Amino acid sequence: MSYYDLDDFLSESQRVPCKFNITVPLLGYLEGTPGADISEGSKVELPLWIAEFLAISAVSETSEVGFVDLLQPEALNKKVINAIKTDAVSLDAHSICQHFYSLVEKWAKLYNDKELSEVAQQMLRDRAHEINNYAQNLRGAHQESNFLYSLDEFEKVLYKTSHDSYKQLRKWMHNENK
Amino acid sequence: MNGIELITDNIPSIRAMQRLSVPLWFALILKRQNKCSLVPPDWLNLKSLQDFYQYEVNELTSFAKLPNNWLEQSKLIFEYASDDINDEVYKLKSLVQDLKEIRMIKVQKGLQLINESHLQLDNLSLLEINEIRPFVVEIMGKLTSLDKSTSTGMEQDEMQYGDNDGDIEDDL
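Same order as they appear, the protein sequences are chains A and B.
Note that the first sequence covers residues 1 to 178 in the UniProt record's numbering.
Note that the second sequence covers residues 1 to 172 in the UniProt record's numbering.
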């Protein structure tokens, strides 16, 4: 992933639920109460990039408690995982999380969650076949389909590039040089 | 005409009524000037294409050993030298199309088994590989990064993209 990859930025700015382990003065605006303190134990949704750092780094050198505890995002809870296991193709990945695979990647990295990464790989494999079928379709990117609306951002890019490739080959075969 | 020495290939000296093998591009230039007739390659006739087709139908797991640019060759020959082909051109054309389609279906089937590190594409022509290249590369890239995201995956991290070219070079 390149340094300036927009999708990477967007996937890092996804909000994940966190629980504060300590009381932080004047951070109440995160909860919608400006000027107040944020108290220990309150739950706030933070972007992944900052939540990750706050969870890893300890409050002080002596304690092992992080600023926040990461809670499992809704996109990765048991319900979603089970839905993937039963029928990955009909899953509406776009409405669950627009950068589903990146989120899985980062989450699995954080917790070394082998099972999660395997589930996502199997899901991609199952869905890839369906995406490929759609990409070969002649009518192009304008076709209406619920499946295409359910793709996450990575799958959309995948669909587009493979569709272009099939289209170009067909053009060449039929001598349409435009 | 005297022969010409070129970097990639030599054109032998040419005399009338003699069978020679020259690069396809050169043959096509001569053909356009009505100075030669083209002998189609030995796989481009009804009989061997039908054999190839039968092979594709019978063998579900491997591809027939066609030249690695058979689509390109057949297209050029159909386009510029269709009068030199002994069989009916439309039959050949439809056979080539059938071959392409049945191979594509097999490729699709193979793609269901895609994994993060390895993809075998024996006897698949360059054009057919290129057709699925963007798709395959994106998927495999994502699968690799998903796999690498856990520490056990990182140890068995091995990329073997090179494999799909290796088998083709053998056929050249």
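Since the hints were made in silico from the structure, they are not lab data.
Take these hints with a grain of salt, some might be off.
[Stated by the list, open to error] Once the Cα atoms are required to be at most 16 Å apart in a straight line, the calculated EDC-like pairs of lysine to aspartate or glutamate come out as:
#1 A/LYS171 with B/GLU72
#2 B/LYS100 with B/ASP87
#3 B/LYS47 with B/ASP87
#4 B/LYS148 with A/ASP69
#5 A/LYS79 with A/ASP69
#6 B/LYS100 with B/ASP51
#7 B/LYS75 with B/GLU88
#8 A/LYS19 with A/ASP69
#9 A/LYS156 with A/ASP8
#10 A/LYS156 with B/GLU138
#11 B/LYS109 with A/GLU130
#12 A/LYS106 with A/GLU52
#13 B/LYS148 with A/GLU115
#14 B/LYS109 with A/GLU45
#15 A/LYS106 with A/ASP8
#16 A/LYS109 with A/GLU52
#17 B/LYS148 with A/ASP113
#18 A/LYS160 with B/GLU72
#19 A/LYS43 with A/ASP8
#20 B/LYS100 with B/GLU138
This structure is a prediction, so every number in the text was calculated from the model and none was measured.
Consistency of the hints with the structure:
1. A/LYS171 with B/GLU72: OK: A/LYS171 and B/GLU72 at ~13 Å, within 16 Å.
2. B/LYS100 with B/ASP87: 19 Å, violated
3. B/LYS47 with B/ASP87: 9 Å, holds
4. B/LYS148 with A/ASP69: 24 Å, violated
5. A/LYS79 with A/ASP69: Roughly 22 Å between the alpha carbons, so the hint for A/LYS79 and A/ASP69 is violated.
6. B/LYS100 with B/ASP51: Distance ~14 Å between B/LYS100 and B/ASP51 Cα, so the pair holds.
7. B/LYS75 with B/GLU88: 15 Å, holds
8. A/LYS19 with A/ASP69: 5 Å, holds
9. A/LYS156 with A/ASP8: Holds - the C-alpha atoms of A/ASP8 and A/LYS156 are around 15 Å apart, at most 16 Å.
10. A/LYS156 with B/GLU138: 11 Å, holds
11. B/LYS109 with A/GLU130: It holds: about 12 Å lies between the C-alpha atoms, which stays within 16 Å.
12. A/LYS106 with A/GLU52: With a Cα-Cα distance of about 10 Å, the restraint between A/LYS106 and A/GLU52 holds, given a limit of 16 Å.
13. B/LYS148 with A/GLU115: Cα-Cα ~13 Å, so holds.
14. B/LYS109 with A/GLU45: Violated, at roughly 43 Å.
15. A/LYS106 with A/ASP8: 11 Å, holds
16. A/LYS109 with A/GLU52: Holds - the C-alpha atoms of A/GLU52 and A/LYS109 are around 11 Å apart, at most 16 Å.
17. B/LYS148 with A/ASP113: 11 Å, holds
18. A/LYS160 with B/GLU72: 25 Å, violated
19. A/LYS43 with A/ASP8: The hint is violated at about 25 Å.
20. B/LYS100 with B/GLU138: At roughly 23 Å apart (the allowed maximum being 16 Å), B/GLU138 and B/LYS100 break the hint.
Hint violations for this structure: numbers 2, 4, 5, 14, 18, 19, 20, all remaining hints satisfied.
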